[in-house]
Amino acid sequence: NAGVTQTPKFRILKIGQSMTLQCTQDMNHNYMYWYRQDPGMGLKLIYYSVGAGITDKGEVPNGYNVSRSTTEDFPLRLELAAPSQTSVYFCASSSLAGGYEQYFGPGTRLTVT
Amino acid sequence: GDSVTQMEGPVTLSEEAFLTINCTYTATGYPSLFWYVQYPGEGLQLLLKATKADDKGSNKGFEATYRKETTSFHLEKGSVQVSDSAVYFCALAGANNLFFGTGTRLTVIP
Numbered sequence: 001n002a003g004v005t006q007t008p009k010f011r012i013l014k015i016g017q018s019m020t021l022q023c024t025q026d027m028n029h030n031y032m033y034w035y036r037q038d039p040g041m042g043l044k045l046i047y048y049s050v051g052a053g054i055t056d057k058g059e060v061p062n063g064y065n066v067s068r069s070t071t072e073d074f075p076l077r078l079e080l081a082a083p084s085q086t087s088v089y090f091c092a093s094s095s096l097a098g099g100y101e102q103y104f105g106p107g108t109r110l111t112v113t
Numbered sequence: 001g002d003s004v005t006q007m008e009g010p011v012t013l014s015e016e017a018f019l020t021i022n023c024t025y026t027a028t029g030y031p032s033l034f035w036y037v038q039y040p041g042e043g044l045q046l047l048l049k050a051t052k053a054d055d056k057g058s059n060k061g062f063e064a065t066y067r068k069e070t071t072s073f074h075l076e077k078g079s080v081q082v083s084d085s086a087v088y089f090c091a092l093a094g095a096n097n098l099f100f101g102t103g104t105r106l107t108v109i110p
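Chains as they are written, first to last, in the numbering used here: chain A, 1 to 113; chain B, 1 to 110.
Keep in mind the hints are simulated off the structure, nothing from the lab.
Do not rely on the hints blindly, as some may be mistaken.
Straight-line alpha carbon distances no greater than 30 Å define the calculated DSS-like cross-link-like pairs of lysine-lysine that follow [what the hints assert, rightly or not]: (1) Lys77(B) with Lys44(A); (2) Lys9(A) with Lys57(A); (3) Lys56(B) with Lys9(A); (4) Lys14(A) with Lys44(A); (5) Lys44(A) with Lys52(B); (6) Lys60(B) with Lys44(A).
Some chain B residues well away from chain A (every beta-carbon gap over 12 Å; in silico) [claimed, not checked]: (7) Glu8; (8) His74; (9) Lys77; (10) Val82.
Virtual Cβ for every residue (Gly too), placed ideally from N, Cα, C.
Modelling step: build the complete structure from the supplied sequences, incorporating the hints.
Structure follows, in structure tokens:
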């Protein structure tokens, strides 16, 4: 059982480049999330989705875009990479919101130089 | 708004020592509370949770009690092991997401 998978594991981008972080879950969860984790900080929510075709902004959405065309996939798009987007990105999913456990992927470490 | 304040780290303990990591929260109502653990190079995984006041969550020797009087959810373990070395996050359930504390890095030395 794969759970939540993320690709790539590592990536280095130059300022202004774009890329897509992939996230897939095989648990048939309706809810999916993207977080970023900066050193010494907790996780901050970027975007979330409550089901296919429905997405909404989290706490720190600027500079990112998402889409949710299927239940399984929730890609995160960076259009014009900036050094401030250097971070570790985690995708997560849950069956329901609120008090339900979120399952996390292993993360993508992104460096923008 | 809802938030979590977590004990700053890092924390270094000898094996078999007692562990406490403090967590307090600010929230409307009584949301579910969680402790997540992140081992090196991995994503977060749920350690334990409590869904209502006075509930005690427990797992792998760790415990935390949801105390509404003190708005706290402190993590404790009676005897830590080297394998417990990780970063621990306290979290609070919002309507559609989790609010995380800043994390506490625990290192256990033999």
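Outcome of the hint check:
A threshold of 30 Å between alpha carbons decides the hint, and for Lys77(B) with Lys44(A) the separation of about 27 Å falls inside it, so the pair holds. With a C-alpha separation of about 24 Å, the suggested pair Lys9(A) and Lys57(A) falls inside the 30 Å cut-off, and the hint holds. Proposed proximity of Lys56(B) and Lys9(A) is contradicted: the alpha carbons are some 36 Å apart, above 30 Å. For the given pair, Lys14(A) sits about 23 Å from Lys44(A) by alpha-carbon distance, which is consistent with the 30 Å threshold.
Between Lys44(A) and Lys52(B), the direct Cα distance comes to roughly 24 Å. Compliance with the 30 Å bound is thereby established for this hinted pair. Taking the CA atoms of Lys60(B) and Lys44(A), the gap is about 27 Å. The hint holds against a cut of 30 Å. With a least CB separation of 9 Å from chain A, Glu8(B) falls inside the 12 Å interface cut-off, contrary to its annotation. The non-interface label for His74(B) is consistent with chain A: the shortest C-beta to C-beta separation is roughly 17 Å, beyond 12 Å.
For Lys77(B), the requirement that its beta carbon stay farther than 12 Å from each beta carbon of chain A is met, with the minimum near 20 Å. The Cβ of Val82(B) lies farther than 12 Å from every Cβ of chain A, with a closest approach of about 22 Å, so its non-interface assignment holds.
In the structure shown, a violation is registered for the earlier hints numbered 3, 7, in ascending order.
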